[in-house]
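Participant: So you can see what is in the structure, the chains are spelled out below.
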Amino acid sequence: MGVGINVRDLKAWFGASEALHGINMNVGANGVTAIIGPSGCGKSTFVRCLNRMHETIPGATMKGEVTVGDVSILEQSAVDVRRRIGMVFQKPNPFPTMSIYDNVAAGLKLNGMRNRSKTDEIVEKSLRQSALWEEVKDTLKKKSGASLSGGQQQRLCIARALAVAPEVLLMDEPASALDPISTGKIEELIEELKQNYTIVIVTHNMQQAARVAGFTGFFLMGNLIEFDKTEKIFTNPSDKRTEDYITGRFG
Amino acid sequence: MSNGNQTLGVQRISLRRRIANHLVTYSALGASVLVIVPLVAIFGYLLMKGIGSINWAFLTQIPKPVGEPGGGMGNAIVGSAIILLIASCFGIPLGIGAGIFLAEFGRNKFGNIVRFTSDVLNGVPSIVVGIAVYGLVVVTQKHFSALAGGVALGIMMIPTVARSTEEMLLMVPRTIREAAWGLGVPQWRTTLSVTLKTASAGVITGTMLAFARAAGETAPLLFTAFGNQFWNWNVNQPTAALPLQVFVYAISPFDEWHRQAWAGALVLIILIVAAVTAVRIVTSRGMYRGAA
Amino acid sequence: MRTRFHQSLDELKEKLLRMGGLAEQAVDRAVDAYRRRDVSLAQRVFEGERQINVMEREIDELALDLLAMQQPMAVDLRFIIAVVKINADLERVGDQAVNVVQRVLELAKLPEADLHVDIPRVAEVAATMVRTSLEAFIYARPDVAESVLKTDNTLDELNAQTYHAMMAVMQKSPELTPQALNTLLISRNLERVGDHATNIAEDVIFWVRGADVRHQFGPYGTSASHP
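Protein chains in written order, with my numbering: chain A, 1 to 251; chain B, 1001 to 1292; chain C, 2001 to 2227.
Any given hint could be a false lead.
[To be verified] No more than 30 Å apart at the CA atoms, straight line, and that leaves these computed lysine-lysine pairs for BS3-like:
1) LYS2085(C) <-> LYS232(A)
2) LYS229(A) <-> LYS194(A)
3) LYS1049(B) <-> LYS63(A)
4) LYS2013(C) <-> LYS232(A)
5) LYS240(A) <-> LYS2109(C)
6) LYS2172(C) <-> LYS240(A)
7) LYS2085(C) <-> LYS229(A)
8) LYS185(A) <-> LYS2015(C)
[Stated by the list, open to error] Simulated DEER-style distance windows between Cβ atoms:
9) ARG116(A) <-> SER1027(B): 30 to 36 Å
10) SER238(A) <-> LEU2110(C): 40 to 46 Å
11) PRO180(A) <-> PRO1093(B): 46 to 52 Å
12) ARG2050(C) <-> ARG249(A): 37 to 43 Å
13) MET113(A) <-> THR1060(B): 49 to 55 Å
14) LYS1109(B) <-> ALA29(A): 44 to 50 Å
15) PRO1173(B) <-> GLY184(A): 51 to 57 Å
16) SER238(A) <-> ILE1113(B): 24 to 30 Å
[Unchecked claim] Quick partial rundown of chain C residues pointing at chain A, CB under 7 Å, derived from the structure:
17) MET2073
18) ASP2076
19) GLN2171
20) GLY2210
Honestly, the hints are just simulated from the structure, not real lab data.
Glycine included, every Cβ here is placed at the ideal spot set by N, Cα and C.
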């Protein structure tokens, strides 16, 4: 089940350069929130702060209050935070030396699960959830994760993220490297998942945000300019900068 | 009319290009052939000179005293195996460990120092390594030993293993690491079970390279393993080694020993190739089973 | 950014204004024809109608293209939707002008009668409403559009007056019933023109403010109120 995310005055730096200038946002549980904005506006940085991936970059720091569910992520260890918050990346990145089964089970096995039948169960459930089960059920252990097509690889990565039962799923432009049909499948998947997970999706594609997200946040130069229901943002935004961006009046 | 001119013009350019194309292609081909020639020549010559002397006796017997015909290099083969085993146990883990350190945590001054040191070590002449180990191990232990020989060869393996491990690990895309971190896998586990695993093919190649080089080294063994005319299973005693034995026989004045030296050299090459191939087969099958 | 798209939006605006001009002209000509009992003027209104229909199709096609190919958002999206709706209203205005002209042709066959009713005045109000609403569109002025919404009441009043007057005529002088009926219908047509102008004004407000103000103005809470 998903939980809400509360962000209070989140700031982030790359070395001495401040990239996020105090973000405040409240994301409700179970649903999709889209983050849009021009290149370099801080949307990827923001999302990577939520699961503390930002600090894996040498010299990167963050400060502020981020509460996922009832727990502040800065009070937990980064590893624990990342077990509760899953991430799907822009370019599909299955582990190339592992089979499909092992890829999905990676989060479980690498964190110590030994129970074979339980793992089997979870792998099947995750692959079903990501609409990949039917396509790979016969070659689970024979084919390597990297031998699938792009769209399938991304669904595999989604299954891998779901296998550890996260409360929140972060997606950083998950469909931008895929063809339209695969993109469509991913969006359908998100529709299904949003009933049970809190999903935050970064996207360059405004039509995609409009299609899948209930709420949308517009970022510009490290600030959150507007955060509202998606219909409002795309039919009658409150801030002129938002309107200029979505009507294409500036890059 | 304009068409005709155009066609001619195109032909002229294309002819020049075609000539250049062929020139470079055949030069490259020629260079490749030239590279293979020494290898084929050496192997062929060894085969010719040595195959006659390889028999079961040669492979299983110890050397006979001077003057007596027959005998073999059985003890040297076994001795080499023992020394290389020690060298591998010493050099490979250290090398891989250093490689991991350099790749994951070595983007700093200290890492640069380690890298530099490793490169220097790589360039140290093998005889110097031998003498150094003589002073450090043999003199301390007060006797020659397979152990000392293993240490010397291990030291020579470290730089190659470390460098290729580092390079292979760096070639693993950051996104693979990020995928593991994203799943909540701690750094150390990510490095060992994911990054290293992904780079394993390259790391093994580097290791095999180091192994093959060490297997053929003679100079370091002169003052460490020293050689032995008899079977020896005690690592703390002087031990025979194939390259060593080949050297001793080759510079001797006896034809019988010359004959055996050829055979020994041939056996050495065959064993190295066999070892490397075996490792390749075993590990490539293992990769797709991929247990975490 | 997206200059081709913005150029297309300008083209759409320009086409709509031309359409507006044609519609205004049709109303003016129809009322002129009434005043002068001029049948040839009536003919020209029929020709103008053809032009209006062609223009309507052009505008709808361009709007559809832009929606499909350019994925417009926010104000651009509202603008295109407003244009499509205003387009339809202007075409209906043209239709009403044709209806008036048909009444005029009928009246021309009947003996002239002074019915003591100032149709040109009603027409003036309606035409002004159309002109003002199009002004609000050109200059994107929701305040100007709001003034149109208020004028609708005046027009409804005038139409009601005409209704009562014509009822009286038909009772007192039954032989003048054909003329009275046609005149009443003309007044009704003009009142509908005013309604369409009101719709246009509402669409302008929707476009500029993103606020849906339909069905808020008028005595019964509806923008169209007629007996």
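Participant: With reference to the structure, classify each hint as holding or not holding.
Facilitator: Hints, verified against the model:
no.: 1; hint: LYS2085(C) <-> LYS232(A); in the structure: holds, 21 Å
no.: 2; hint: LYS229(A) <-> LYS194(A); in the structure: holds, 16 Å
no.: 3; hint: LYS1049(B) <-> LYS63(A); in the structure: violated, 74 Å
no.: 4; hint: LYS2013(C) <-> LYS232(A); in the structure: holds, 25 Å
no.: 5; hint: LYS240(A) <-> LYS2109(C); in the structure: violated, 60 Å
no.: 6; hint: LYS2172(C) <-> LYS240(A); in the structure: violated, 63 Å
no.: 7; hint: LYS2085(C) <-> LYS229(A); in the structure: holds, 26 Å
no.: 8; hint: LYS185(A) <-> LYS2015(C); in the structure: violated, 41 Å
no.: 9; hint: ARG116(A) <-> SER1027(B): 30 to 36 Å; in the structure: violated, 58 Å
no.: 10; hint: SER238(A) <-> LEU2110(C): 40 to 46 Å; in the structure: violated, 60 Å
no.: 11; hint: PRO180(A) <-> PRO1093(B): 46 to 52 Å; in the structure: holds, 50 Å
no.: 12; hint: ARG2050(C) <-> ARG249(A): 37 to 43 Å; in the structure: holds, 38 Å
no.: 13; hint: MET113(A) <-> THR1060(B): 49 to 55 Å; in the structure: holds, 51 Å
no.: 14; hint: LYS1109(B) <-> ALA29(A): 44 to 50 Å; in the structure: holds, 48 Å
no.: 15; hint: PRO1173(B) <-> GLY184(A): 51 to 57 Å; in the structure: violated, 27 Å
no.: 16; hint: SER238(A) <-> ILE1113(B): 24 to 30 Å; in the structure: violated, 57 Å
no.: 17; hint: MET2073; in the structure: holds, 4 Å
no.: 18; hint: ASP2076; in the structure: holds, 5 Å
no.: 19; hint: GLN2171; in the structure: violated, 53 Å
no.: 20; hint: GLY2210; in the structure: holds, 3 Å
The structure is inconsistent with the numbered hints 3, 5, 6, 8, 9, 10, 15, 16 and 19, although it conforms to all the rest.
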